[in-house]
Amino acid sequence: MNRNTSVRTIGAWAVGLAVAALFALTGWMVFVFAPREATMGDVQRIVYLHISVAWCSLAGAVAMGLTAAAYLIRRNPAWDRWSQAAAEIGWLCATLTLVTGSLWAHKAWNTWWTWEPRLTAMLVLWVVLGGYFLLRSSIEDVQRRARLSAVLAILALADIPMIIMATRWFRGMHPVTPQMDPRMRVVLLTSLVTFTALFVLLTVLRKRQLDLAARVASLEQKTGIVT
Amino acid sequence: MGTLAAAFAITFSAVVSYVTWLARQHHRLRLRLDALEMAVGAEETHRPKSRAA
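Keeping their order, the protein sequence lines are chains A and B. Just so you know, we're using our numbering here: the first sequence kicks off at 27 and counts up by one. Just so you know, we're using our numbering here: the second sequence kicks off at 10 and counts up by one.
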């Protein structure tokens with residue numbers, strides 16, 4: 027391991043510990059500091075988690091689309107790896123958004139699922155991201171794979187305004203401007219910052235890993251040693 | 010309270026599973042890279058000798 031790699035590893039551990047500390051703080055704020063909501067009780071605390079993972083899934087999709095566009099302009103494979111990394115974390119967060127939202131809906135709306143505009147738009151994003159991975163795994167040629175998946179990633183961007191504006195455009199069940207106690211807003215903001223930090227950390231780590239995998243693939247090609 | 014616990018447990022386990030998978034993949038790739046770099050290094054040190062011969 028060279029000096030650069032050691033510094034990077036120590037840096038990743040330091041940032042990882044800082045994110046873990048942020049999570050401990052967020053946990054305390056969600057369960058202790060945040061006031062109990064009068065109507066829904068403790069279940070309302072899901073909202074801090076649900077909004078944060080939903081925000082990260084949108085950030086992941088936007089990052090995926092923008093880096094895909096950068097790949098198509100520059101043709102630098104590093105942009106394709108950024109796009110893949112952002113898509114993976116975005117998909118993970120989209121899954122968690124649907125799961126936590128479903129748990130919330132069961133308590134608040136008495137149903138696990140409803141074809142409400144925002145829910146449907148989020149499901150579309152989840153399916154498109156799943157399709158993105160299927161597309162990537164079905165193409166052998168590296169450049170063709172990067173090019174086609176970049177096109178799909180840019181197309182996926184069209185769903186983002188639908189998710190954000192669904193409640194305004196189609197009158198769904200999600201509140202348009204939710205009313206919150208000031209302390210609840212502080213907790214939500216802290217949770218958003220924490221999950222954003224986790225999102226950035228995981229995306230950077232995954233991108234580095236994809237760089238490593240590309241180096242391994244290039245050496246395998248060079249040496250002819252393939253396992 | 011059960012619903013709240015389920016939401017947090019699912020999120021926590023998903024993140025931990027992903028981080029664990031990342032760490033395992035990273036370890037596997039590092040080992041593979043080291044082995045390949047050794048193979049390339051051995052090939053390069055061997056080449057001048059064979060040319061001299």
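Hints should not be assumed to be uniformly reliable.
If you want the footprint, here are the derived chain B segments under chain A, 3+ residues with CB under 8 Å [as the list claims (entries may be wrong)]:
| no. | stretch |
| --- | --- |
| 1 | 16 to 23 |
| 2 | 27 to 37 |
| 3 | 48 to 55 |
Every beta carbon over 10 Å from chain B, so not counted as near; a handful from chain A, in silico [as the list claims (entries may be wrong)]:
| no. | residue |
| --- | --- |
| 4 | Val125 |
| 5 | Arg194 |
| 6 | Leu231 |
No lab work stands behind these hints: they were computed from the structure. A virtual CB, placed ideally from N, CA and C, is assigned to each residue, including glycine.
Each hint tested on the structure:
As drawn, the stretch 16 to 23 of chain B meets chain A at 5 residues by the rule of a beta-carbon pair under 8 Å; at three or more, the given contact holds. For the stretch 27 to 37 of chain B, the assignment as covered by chain A holds, since 5 residues bring a beta-carbon within under 8 Å of that chain's beta-carbons and 3 suffice. Restraint check on the stretch 48 to 55 of chain B versus chain A: 3 residues with Cβ-Cβ distances below 8 Å, three needed, restraint holds. At roughly 6 Å, the least C-beta separation between A/Val125 and chain B is not larger than 10 Å, which violates its mark as non-interface.
For A/Arg194, the condition that its CB be more than 10 Å from all CB atoms of chain B holds, with the nearest at approximately 26 Å. With a least beta-carbon separation of about 6 Å from chain B, A/Leu231 fails to lie farther than 10 Å from that chain, contradicting its non-interface assignment.
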